[in-house]
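Residue numbers (the working numbering), protein chains in the order written: chain A, 1 to 456; chain B, 1 to 456.
Derived from the structure by calculation, the hints contain no laboratory data.
A portion of the hints provided could be inaccurate.
Intra- or inter-copy, both count: the list cannot distinguish identical chains.
[Unchecked claim] Taking lysine-lysine pairs in the DSSO-like style, the calculated list, with each CA pair at most 30 Å apart, reads:
1. 384 - 341
2. 50 - 285
3. 384 - 314
4. 314 - 341
5. 314 - 355
6. 355 - 285
In this text the structure is predicted, and so the values were computed from the model without any measurement.
Protein chains: 2
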Amino acid sequence: MDHALTYARNHYDRFVADLEDLLRIPSISTDPAYAGEVRRAAGWLVDHFKAIGVAHAEAIDTEGHPIVYAEHRVDPSLPTVLVYGHYDVQPPDPLELWTSPPFEPVIRDGVLYARGACDDKGQLFMHLKAAEAYLAAEGGPPVNLKFLLEGEEESGSTHLPGFIAAHRERLAADVVLISDTDLFGPGIPSITYGLRGLAYVEVTLTGPDRDLHSGMYGGAIENPINALCRLIAGLHDADHRVTIPGFYDNVVPLTEEERATFRALPFDETAWAEEVGVRVTRTEKGYSVLEAISARPTLDANGIWGGYTGQGAKTVLPAQAHAKISMRLVPNQTPDEIAEKARAYFEANCPPTMKLTFRTLHGGHGVLVDTHSPAMQAAARALKEVFGRDPFFVRSGGSIPVVADFKTILGLDSVLMGFGLNSDAIHSPNEHFGLDRFRQGIESIIRFHTHYAATR
Amino acid sequence: MDHALTYARNHYDRFVADLEDLLRIPSISTDPAYAGEVRRAAGWLVDHFKAIGVAHAEAIDTEGHPIVYAEHRVDPSLPTVLVYGHYDVQPPDPLELWTSPPFEPVIRDGVLYARGACDDKGQLFMHLKAAEAYLAAEGGPPVNLKFLLEGEEESGSTHLPGFIAAHRERLAADVVLISDTDLFGPGIPSITYGLRGLAYVEVTLTGPDRDLHSGMYGGAIENPINALCRLIAGLHDADHRVTIPGFYDNVVPLTEEERATFRALPFDETAWAEEVGVRVTRTEKGYSVLEAISARPTLDANGIWGGYTGQGAKTVLPAQAHAKISMRLVPNQTPDEIAEKARAYFEANCPPTMKLTFRTLHGGHGVLVDTHSPAMQAAARALKEVFGRDPFFVRSGGSIPVVADFKTILGLDSVLMGFGLNSDAIHSPNEHFGLDRFRQGIESIIRFHTHYAATR
């Protein structure tokens, strides 16, 4: 490990230059016009794997963008780490807000600016450079390495679950290692051990069979907007708990250990709220902000529409009102179970004046990884050595569907060891990644492999 | 009166032919491309007034379309009737649904088809023909007549209130007579003595200062859609009464006489609801459908929007949610009073997590005319003589702003004696007007003038 670390330290400038080459390829997956560039980025990665000595690398076609798969088997007796990342990027719009062009990487004050610098080219590239360091300085890594790098993460990972299911044996491993999350704060390492799932539904209430004049019918024909508002308002009680019957039935409660960890996190609630322009937070009764946004299930209306929404006044009593509603789930809630419970709520409470249409749009499982597992402890040790302090184990309120897919399809836990910062402007103009974190990431990964190998 | 009636009966075919000439002019007020046609219709009317012997007629320019003013003063000791109507029409779209072209009047089975046949060229023209009958057969009408015919009713009557205010003396009269409403049903005459007013407001709730990721913030940053739904849901109680404090304070209660009239109306609630595709009606507790839609104040959300409203699932916790809300008012509620009470409700109930923006968009006063007044009784007598049955005095749930303007600016009550039917397809393809009603209308107007003159 020490030789690999020394090699890395001696080659950081070239590592950054290599990353800049990758960042110059505008691999925007959502825009069909860039399909050729996405393919070019996949080819570039395959070539780079080969150049650094990884035994096998190929770009595998899907019905969408290619998946890059690489592997370097050292010894069947060693544990196998499957690295996941994505080489596609978000569109760079609005272009005029970028200080320098999004696909012309520039370093200013030790920070690398480019679309993808953090999300996720910068972070996945740390894994290639950790492998290179081991291959160049120690003849190979202390674990078997597999790499699964997709080109469709920013456009919905449409073909990834099918690919994983179709390549179960090839992807067989002991753990998944992913760098696509954030540090808890600058210099404060963290490992994400929980993710929320999702149940996303769409509700339509239909009253009359056409838009009516509110003067001629208002007062006797019930208004779908008013009725929908009543149903949505009824989804929370005064304690801001979700009222859907059975909603909390399968929730794995927070342990005292977890709650102590939440309390120990350096979190300034006022600053957090002010950063998004809000004066007062509102959480489920009995839970802190951090608990509520990451370890408790929640419900949000994501969109609502109905009637006249243009300028001025139109006195319509609309035929329909619609809402998109999503529920963030925690283990062991399942998307199907919760969507059905939501359907039952709407069916039971839909007034006789309305016809209900209920559709499930999307779902994903929540994830909770045992923080005491060998891989998690290896990651914690690696981060402590690099950052000089114990990492926090944190739960994230968002969903990373691939993590649930790895668990469901391959039976694998994921170690989410990320080096981004909330301020890195991913998905926004002037995305960037601090080169200190690029170095810390590579060293943490090098150390992880050795510590994880030692657990066998 | 008898000579005038005989004259009318002997000239109906020519009356209809004259109306067809007017209907051929596409006086569409909302479309600037037709401004010349609107002006041509005004000129046609001025010429026609002169041709039938009305003493004075002119088209007066406004900043919009011209207003046609005509008068025939007989004797200052006689009462003066101010006739209001509008000579502009709705656009005819969708053209492909018309059986015959909208501006080529055709009679099929005793029914005249054309845009404006009922609304309002056909109805206002009855007043010209009643005047012609008196002028030709009796040397003049038994009342002084004034005519105020606007060309902007279908585009908001923008310049009418200012015109009325600027011509108070010229428009001085004893009563306003308007034919722009419906019979209660075929062969069932009615006089509209009540109209609802309107207070129209727009509400915006702002939570965070930008759209947030519902996974990262959902559960601790309150959602503006959810909060707005709570506020809108709270606007009605379980009895479907409006909860805004003081909302009903100034409502003139229904009298027992009025309620008896409502009960006597031939109204099939089931058929009425089925016609708009609804199985169950919902009214304020204690009031019938007809009472609720015409004589009680109501509240409807006319539009709502916020967050993601496109295809599929987007997990946004939106910065804002908006609603347009209108309240139909009855005497003696005023738009300003009710808008301020609504504002107070939203201010008092807006949660501390939200910023409230409240705007008043539009307002209009309700109207209630004493059914025992000489003009109303004259109208009732005229209708009874023509239709062979007593008319129903009815209230309409809609608003006719000019009626409130006549009351507010000129101090005049309006007699709403209309001959349309709900099935006349005004504002729709194949608008039509039964020629039997055209005749009944002319005879009713001739009789009204004589009976009203006799009340002096």
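Taking the hints in turn, this is what the structure says about them:
1. For the homomeric pair residue 384 and residue 341, neither the shortest alpha-carbon distance inside one copy (43 Å) nor that between copies (61 Å) is at most 30 Å.
2. Taking identical chains as interchangeable, the C-alpha atoms of residue 50 and residue 285 are never at most 30 Å apart, the minima being 55 Å within one chain and 78 Å between chains.
3. Taking CA atoms no more than 30 Å apart as the test, residue 384 paired with residue 314 passes in neither setting, with 62 Å inside one copy and 37 Å between copies.
4. For a Cα distance limit of 30 Å, the shortest separation of residue 314 from residue 341 across copies, 21 Å, qualifies, whereas the shortest one inside one copy, 36 Å, does not.
5. Taking identical chains as interchangeable, the C-alpha atoms of residue 314 and residue 355 lie at most 30 Å apart whether they share a chain (24 Å) or sit on different chains (25 Å).
6. Taking the shortest alpha-carbon separations for residue 355 and residue 285, only the inter-copy value of 22 Å comes in at or below 30 Å, while the best intra-copy value is 34 Å.
The structure fails hints 1, 2 and 3 (numbered hints given earlier, in ascending order).
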